[in-house]
Amino acid sequence: MKTLYISLLLSLFAYTLYAQGEWIPSGSTFSRPRTLTTAGQLGAIQKGVGVEPFAPLYSALWNEVQNTKPPSGNSTSSERRERARIAKNAAFILLMNRKMSGITTSPLSAEDRNTITTTLFPLLRDLNPEVESALNYTEWQWRSKELIDYLCAYDMALGAGVSEDSLATAREQLQTFAGNLYREATFSVAGISFFTTIKNNHALMTAAALGMAAVVMNDAGSNDPNRQPTNWINTALWNIDNLLWRDEGRRLSEPGVIAGYAEGPHYLRYASLNLLPFFRSLGNVLTTEDLVVEYNGSSSVIPNPAYDPNYDLLWKWIANIRMLDGLLPPIEDTFVNEGFPELALTGKREFVWPISATRTTLANELRSTVDMRANFIAAGIIPREQFFLRQLYAMPESGNLIFRYSGNPSFYFHMLGEHGVARESGGGHNQADATSFMIALGTEVMALDPGYVQYDRREEVGKAANHNMILVDGDGPEIGTPGAANDANAYIGDTFSLDYWLSFGSVRTAYRGAQIQRDAILLTGNVVLADFVTSEDEHDYTWQLHGNGRAGGDETSGTFNENFGEREGNWERNGFALTTHVVASDGSEDYRAESGVHEVDYDKTGEHTVMRLGSRGKNRQFLSAIIPALISNDLDIESNVASGGTTMIIRRPDHTVVTAAADTTFRTVSPIETDLPGEIRTDAQLALLSTDIFSDNHSLMFMRNGTSLSYNNREILSSTTRTDLAVVQTSTGYIGYCKDSGMIFLGVDYLPDDVQGESVTSWTILWATGRIAINLERGGYFSLVQGLSVDESDASKVDEEIRSIRQTDDHLLVETTEHVGKNFSLRLHDIVGREIVSANNDWRIPTEGLPDGVYLISLYSEGVLLDSRKYLFAR
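FYI, the numbering used here numbers position 321 of the sequence shown as 321, with every residue one higher than the one before it.
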């Protein structure tokens, strides 16, 4: 009896040890399935497999599961990955319980299920759980994806009704696999381990795989800490949260703001192929409550990633920077022709859009690295076209400045200005691209960012000479390496957008002993660039544009034609054209057409022609216009260089004059230089005037870092402080933007009925000059509601009994008709109807202490209102 009692105690003790490490948080729901979907969602997904765009994806999966034989080998990465992929897809078909014939779906037969399980069970039973040591951690990018696929297959098989006993061996193998990965990832020597050393997408992928193992096998306790789900989940949650948002040495993004992902769009997607399935699974089993995480002897409270708004900011970054065809821009180490359809796993429609590219498809992208077709189908979100409501997307923390224009052709301009985390944490995936830009027209990239090629060949396309930026003595910032990012911070500075007509953004940087400011203007689908380069020493500066075509090319490669006598170059490809006109402030004629290299597909490069303009000196300005068009492009641009700066005339669609100078003393641009009737005078670093030359209406006015812009002897823009100021004429009046507080003065063609804006404190009309004076308490936007034209609003013109109102130092003198009798009064009200002052039988209204503003002057006789008149009072 005593022996039996001891045996029972030993058995209970052994069971307690074995059961250690289960992960069952409060409020959790661990039913099957729990990875790609849940039992509650299953019915809707089963119905959706026959609907576009899911039907062709599911049909392909069905055919592959029926006809693809798994590799007999199980040791190489390619063999192991293929076996895991087939297992996941087979289990998904089993869970969906649907087969396809053409476009028709029907339930699986018993024979179908038997065929699938005959394939699936051996793959799960015989999976290879071996994991390389941390010295060879780069192989874990494949091990982690392999483990996740097997975990999904195991979960979906149970969800499809397969008994746990049938998968007991698979469960043991999966626990061993996850335990081996955990052991190697946490193995520490003198406090140094994989997670303390590797701060990039590899760490995120490894952590996500461990987290997925905890979700799928949460109750798989063990007396071995390496095999305990609690350790897996704590390691996963802490390291993902720390690496993305908190790590003081090298975090990859910033919380609470659109800061992007430091390794670039591709590597965010690459890591997310592991992160998103894990996050989706967490959302399936847990509530929105924060999680208490025990890791390395400390306790932390971490938001559930499935509901953490910081991740939405990451996905919002992708949504904001995506190109017109739904693909990722090939910036940093991002491949050309790459999409991100896996964002459907977020379950949020705003992150799911169509892919309309000509060189890839939805199906191709879902199979490009990991086969995510089953995951995409299970997410159940049909991609819908999402329209951009703004022309300007400025994200200073992530370093992305984007102009969008919905014209014909549609237009996308993307300029880079990374600093801080966005640059410093990019490391081995950070290119030399400060102030570089790219342009896409429709589905065609016409001003190239060179792409990636592949990791071992990134230096072929990642240097400054490969980007659309200024070279200093033939070079720029250093390309990033695993040990260091590129060595040039860049900062997105002033930005604003006036709806359809005008958007502005600026990026500044410094490298190779020179300071560079690049100002970009989007003007009804055209881009104007003003580059200001300064240095204490002389340098050889090179302006460059990499276009998608080459000299002597054909329809496949695209073409380039030079017209350097007119300071122009033109690229044409697949029905689109891009023409640039560029001039240097010293009038340099050092124009060159040279060969460049860009990625055309994975591990494959192509050639294009780079247009370059060189100029030597200490300080230089490059002024350029970049004009997109459908072929053909009837361009009409001229440029001039004078001692006061550079001037460019763009005659399409309106007559636009741009003038730039580093010296911000007053300069005059003569009518001979502009074809305009009058001269332009300004002290702005950059000024722009767009007008209809036939009617001489000022449709658009802009000055950058200036106090005055005059045209034809009339000051049309001015400010009491040096600032950025822009005004655009619309069908209902004017809209404008001013960077700073202070008083601004506008010489416009219509006097307003009202001036509106959150920063507007007061406004008035200066009758002597016909200008509007607006007081701004801070920088911001304003609008002028259209009233009478300047010619129609002469103050001597009166209605009814009031003939005129004249202002003296201390009175308003009101002149009336002879019909007004002796017993009359004048009353002055403010704009809300309050009586401020009155005068009985006196034509003078006292103004001592009267604030500037809009007032209503009313004339009464014998208590009867005879007439009233709005008056703008300004001292």
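Don't read these hints as lab results, they were simulated from the structure. A few of these clues could be false.
Simulated restraints on C-beta separations [claimed, not checked]:
| # | residue 1 | residue 2 | range |
| --- | --- | --- | --- |
| 1 | T138 | K348 | 28 to 38 Å |
| 2 | T721 | R349 | 39 to 49 Å |
| 3 | E289 | N223 | 23 to 33 Å |
| 4 | S28 | R778 | 14 to 24 Å |
| 5 | G407 | T358 | 15 to 25 Å |
| 6 | G407 | D456 | 52 to 62 Å |
For lysine to aspartate or glutamate, the following DMTMM-like pairs were computed, each having C-alpha atoms within a straight-line distance of at most 20 Å [said to hold, decoys possible]:
| # | residue 1 | residue 2 |
| --- | --- | --- |
| 7 | K463 | D475 |
| 8 | K618 | E562 |
| 9 | K618 | E555 |
| 10 | K870 | D753 |
| 11 | K199 | D126 |
| 12 | K199 | E111 |
| 13 | K348 | D308 |
| 14 | K618 | D473 |
| 15 | K870 | E777 |
| 16 | K463 | E594 |
| 17 | K604 | E555 |
| 18 | K69 | E132 |
| 19 | K316 | E397 |
| 20 | K870 | D842 |
| 21 | K604 | E538 |
| 22 | K463 | E607 |
| 23 | K604 | D753 |
| 24 | K316 | E248 |
| 25 | K69 | E79 |
| 26 | K618 | D537 |
| 27 | K199 | E132 |
| 28 | K604 | D842 |
| 29 | K69 | E82 |
| 30 | K348 | E397 |
| 31 | K604 | D473 |
| 32 | K870 | D852 |
| 33 | K316 | E350 |
| 34 | K69 | E139 |
| 35 | K348 | E132 |
Everything numeric in this text was worked out from a predicted model, so none of it was measured. Backbone N, C-alpha and C define an ideal beta-carbon position, used for all residues, glycine too.
Outcome of the hint check:
1. T138 - K348: 28 to 38 Å: holds, 32 Å
2. T721 - R349: 39 to 49 Å: holds, 46 Å
3. E289 - N223: 23 to 33 Å: holds, 30 Å
4. S28 - R778: 14 to 24 Å: Between S28 and R778, where Cβ atoms are some 50 Å apart, the hint is violated.
5. G407 - T358: 15 to 25 Å: At roughly 20 Å between Cβ atoms, T358 and G407 fall inside 15 to 25 Å, so the hint holds.
6. G407 - D456: 52 to 62 Å: At roughly 40 Å between Cβ atoms, D456 and G407 fall outside 52 to 62 Å, so the hint is violated.
7. K463 - D475: Answer holds: K463 to D475 is near 8 Å, not above 20 Å.
8. K618 - E562: Distance ~28 Å between K618 and E562 Cα, so the pair is violated.
9. K618 - E555: violated, 42 Å
10. K870 - D753: holds, 10 Å
11. K199 - D126: Given that 20 Å is the threshold and the Cα spacing comes to 33 Å, the pair is violated.
12. K199 - E111: Measuring from Cα to Cα gives roughly 49 Å; hence the hint is violated.
13. K348 - D308: Holds: K348 and D308 sit about 13 Å apart, inside 20 Å.
14. K618 - D473: holds, 12 Å
15. K870 - E777: violated, 25 Å
16. K463 - E594: Given pair K463, E594 holds - Cα atoms ~16 Å apart, limit 20 Å.
17. K604 - E555: holds, 19 Å
18. K69 - E132: Not OK: K69 and E132 at ~27 Å, beyond 20 Å, violated.
19. K316 - E397: holds, 13 Å
20. K870 - D842: holds, 19 Å
21. K604 - E538: It is violated: about 38 Å lies between the C-alpha atoms, which goes past 20 Å.
22. K463 - E607: Holds: K463 and E607 sit about 16 Å apart, inside 20 Å.
23. K604 - D753: violated, 62 Å
24. K316 - E248: violated, 24 Å
25. K69 - E79: With a Cα-Cα distance of about 12 Å, the restraint between K69 and E79 holds, given a limit of 20 Å.
26. K618 - D537: Holds: K618 and D537 sit about 5 Å apart, inside 20 Å.
27. K199 - E132: Measuring from Cα to Cα gives roughly 19 Å; hence the hint holds.
28. K604 - D842: violated, 89 Å
29. K69 - E82: Roughly 10 Å separates the two Cα atoms, so the pair holds.
30. K348 - E397: violated, 24 Å
31. K604 - D473: At roughly 29 Å apart (the allowed maximum being 20 Å), D473 and K604 break the hint.
32. K870 - D852: holds, 13 Å
33. K316 - E350: Cα-Cα ~9 Å, so holds.
34. K69 - E139: violated, 24 Å
35. K348 - E132: Not OK: K348 and E132 at ~37 Å, beyond 20 Å, violated.
Comparing the model with each earlier hint shows violations of hints 4, 6, 8, 9, 11, 12, 15, 18, 21, 23, 24, 28, 30, 31, 34 and 35; every other hint is respected.
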